[in-house]
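Single-letter residue listing:
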Amino acid sequence: MSAAKVRVFALALLAAASAGRARAQPFPAPVASYQITCRLDAEKKTIEGTEVLTWKNTTSRPAATLQLHLYLNAFRNTLSTFWRESSGEHRDGVLPDSWGSIEIARMTGPDGTDLLAAMRFVAPDDGNPYDRTVAEVILPKPVQPGETISVAMDFVSLLPRVSVRTGYKDDFFMVVQWFPKIGVFEEKGWNCHQFHAATEFFSDFGNYDVSIDVPARYKGKVGATGQRVDERETSAGRVLYRFRQQGVHDFAWTADPSYLVLVDAFREAGLGDVQLSLYLQPEHASQAERYFRAAKASLSGYGRVLGAYPYATLSIVDPPWGAHGAGGMEYPTLITGGTAWSAPKSIQRPEGVTVHEAGHQFFYGLLASNEFEEAWLDEGFNTYMTDRVMNATYGANRVDLGVFGLHIALGIDIHFPVDTNRRYFEVADWDVLASEGWKFRNRRSYGSHIYSKTALTMATLERLLGTPAMDKALRLYAERWRFRHPTTKDFIAAVNDSTGGDWSWFFDRTFFSSGTVDYAVAEAQSKPAKPPRGLFEKDGKLTAGPPPQLAKARGYDSAVTVVRGGDVAMPVDVLLRFEGGRTYRSHWDGEARWKKFRVVSGPRLLEATVDPDEKILLDTDRTNNGARTEPDPRAATRWTARAVFWVQNMIDFMTVAW
Amino acid sequence: MSRRGPRAIGCFLRGLQLSLSKPYLAVALWLIQLMLAAALILPISNTLHALLDKSPAGEKMVANPDYGWWETVRRVHPDVLGNFPELATGLLSSEGIHWSELPGMRGVGATAFSLALLAAVLHAFALGGALGVLREPSSSLVTFGREGMRRMPAFLVFTFASLGAAFAAYEWIYVESGEALRSRVKDLHTEQAALAVTGLRLAALVVALAVIKLLADSVRTVWVARPDLPPVSRFLFGIGGAIARPLRLFGILGLYAILTAGLYVVWLVLDPSAGGEARFALVPLILTQQVFVFVRLLIKIGYYAGISEALTRAPEPEYSYVPGDPPSARAASAPAVANEAPLERT
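Keeping their order, the protein sequence lines are chains A and B. Quick note on this note's numbering: the first sequence kicks off at 1 and runs consecutively. Quick note on this note's numbering: the second sequence kicks off at 1 and runs consecutively.
The hints are simulated quantities; they were obtained by calculation from the structure and are not laboratory data. Quick caveat, the model's predicted, so the values are computed rather than measured. Ideal placement from N, C-alpha and C gives every residue a C-beta, glycine not left out.
Residues from chain A shown here face chain B by an in silico Cβ test under 8 Å; the list is partial:
(1) Glu283
(2) Trp321
(3) Trp341
(4) Gly402
(5) Asp413
(6) Pro631
(7) Ala636
Working from the sequences, and respecting the hints, build out all of it.
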């Protein structure tokens, strides 16, 4: 046994022991639970399954129908809403002509009643008659409030080649959004959206018990949501796995004979023990420690603010080359990473992806907001926390220059969170952040607002409140809404309650507005003061010339004009720096279009800066936030010299070729 | 009996020697490149001064690049850098860029494209001048100018032909192969295999560009060296010369590339432009930069002289014994250029 294998074995023992320790986790009462038995046909790329869905009506109104997500039908043909919205392009570039589908062959109610005949496809979001991603079943009798219903189904899922999260590539399988899944029944009715190009998912908590039958070559190479409770070879020469997990709202699994399966453990006082399983591609073997370190940093960083991760396991899947569309996704207790063979440590891949996806165990996993309707609550909040954890753990990132497929780190720092979210500034006024996911101008705007604007908004709020107050608000929000479905107003309420103030104005101007913020120093000048001239009172008479005490000019007269260029007002500080090291700081509510500061007969003004502490991270143009009274050409001259030099070299390089 | 010509390293070293003996050639090229660069940079420089001179950000930008500042300038002032950064990034990508994207260039990118055409014209002039000077035992900048202008019509044709061939090679060998293989590359098992495919595409492009360059340089060299032949014969002799001595020519090109790359490695390791805080450091920095450019141009001239050496220097015959020269022949072979082809006298 090699040293590496011994190490893995020891870690496995350690992890199994830690996972075995009692975790008295108060998981929620199940609303939608699933018992699934499925069989993978690796050649046909199909999964045949039998599912027993147990659903409880937790509302105060009866449910006359059930609505089911059939997500894989998004890949059925080019007429689906997903295809129309994506225009045939998504995470991994152009979508391949590789189709996926899910067919329900049998559906019966608790007394064996056939429900399939009463099933029809609906399109609640866009009315697309060709979309098959939501099915509605009319029940023989309504499910009364507090009542539970069991529905049994046989289904066949055909997986597409991986391009959008789910599918296969050669022997690699990422099996997600793969079974008939019930929507969320609310007081206003079913919340069961179609599969859109930009949106993700929303479902109720429950208990999952899933048996997976795979060919023998996948033995030891299957990872899934929850804890593995069984692994045995069957008489058919196959391997049967069984996974169980309480208190989650989805189930995903993966299989790849190429995986290197490594195990480690996260352990921190107050945050519990978590078994970390890494399903790694062999060509990324050298990056195992980077994955583990990032996952631990995430569980620690998020856990300290939001409370401990409650599950015993976390699996990290490293998709193979050509299956990037499966990467960078989150499922309960299972995430997919993303890295590159040549990624140097300083460009923080796979660290950034792992921290983010592991962070989704909190924003999405535990705080299960509606990703269709309020995606900023998971993606945006999570991006904000990712930036915090990355900054605390790794410091500044480096610019990643792609050179013919290789990743090279340039010696230019990228700072969290502003530099990592700059894409927002490109589209700052395109959309209102608080919009349903499929109603953004395009996917670029969706990503820039949902991820980046939210992250910058949250970081700005943190700077206005102070980090302790921000953490307190987040903690309150997390405690109130753990294992539930929070909304934006719930978060605002948590901020108001924890701070004792009313921060609605802030959210009105950020979440609920497409306005932009831009403060600038329009003018800063300082001139030697001149003695006063004109007529002055002396002994009760007007005489020409000032009295002796005013006759001599002293110091400098300085004037600074600060302007608000954007539509959105934020409170800002203005800092004036004078000769001799003296400074003057003033607070401005930022409401007016401009404000003028004058200093008469003072020291010479050197520079003026608006928002000197860089609190307002939503400011779309920080290059105009300061002005000096005297020019300093050093920087421009040096950059000109550099530019001339590199252009000389480029000219030479070009002429070499011919 | 074997007839071996001069070795590649010998030609290259002799070329460097010639280059060093005529430094004004490198000076002429340096001036041309500096003027072109200055024309491109002037609007950028003015913008930089307008944005930085009175900005507190200038303080920290003296020594270090501020990613956020540059990104903001790129976004807020799209007229300055235009889409040049995107094009540069695309050029370095495994997909490459289509030449059809060039008309969409904006800002400095569009200016760079125009200047590249002017650079091609000046390049044709400079090569004519340089190769002419290298053939003259005693020459000067006057010779450079005169020879450059004399060769200009033909050299313009050669330059634009090789320029077009280089563009076509990039499009058809690198970009089109990338498009054709895109889905297959995704189907490969590992990223390393995908990188290898990109590497092969790139290697094929480099070989094609090297062949184009060597053919063009060979034709130019013979064009200058054999004025006694009609134009078509000169052209064909040039092509033939390259085909007859491929290893030697590739060897010279390889040595040139290695030496130049080494120079860049030294530059990047020493990184004299980093960390300069004080105003007085600017002058030494500019001097260092320009010395670097000058040395690189000396090597470049050395390459052309080496190619000229390889193509026009007759191999020395090998005999089982070396007969002594008759006194009259000894006197006739006195000039230093005895082994070279007849010089063109104007």
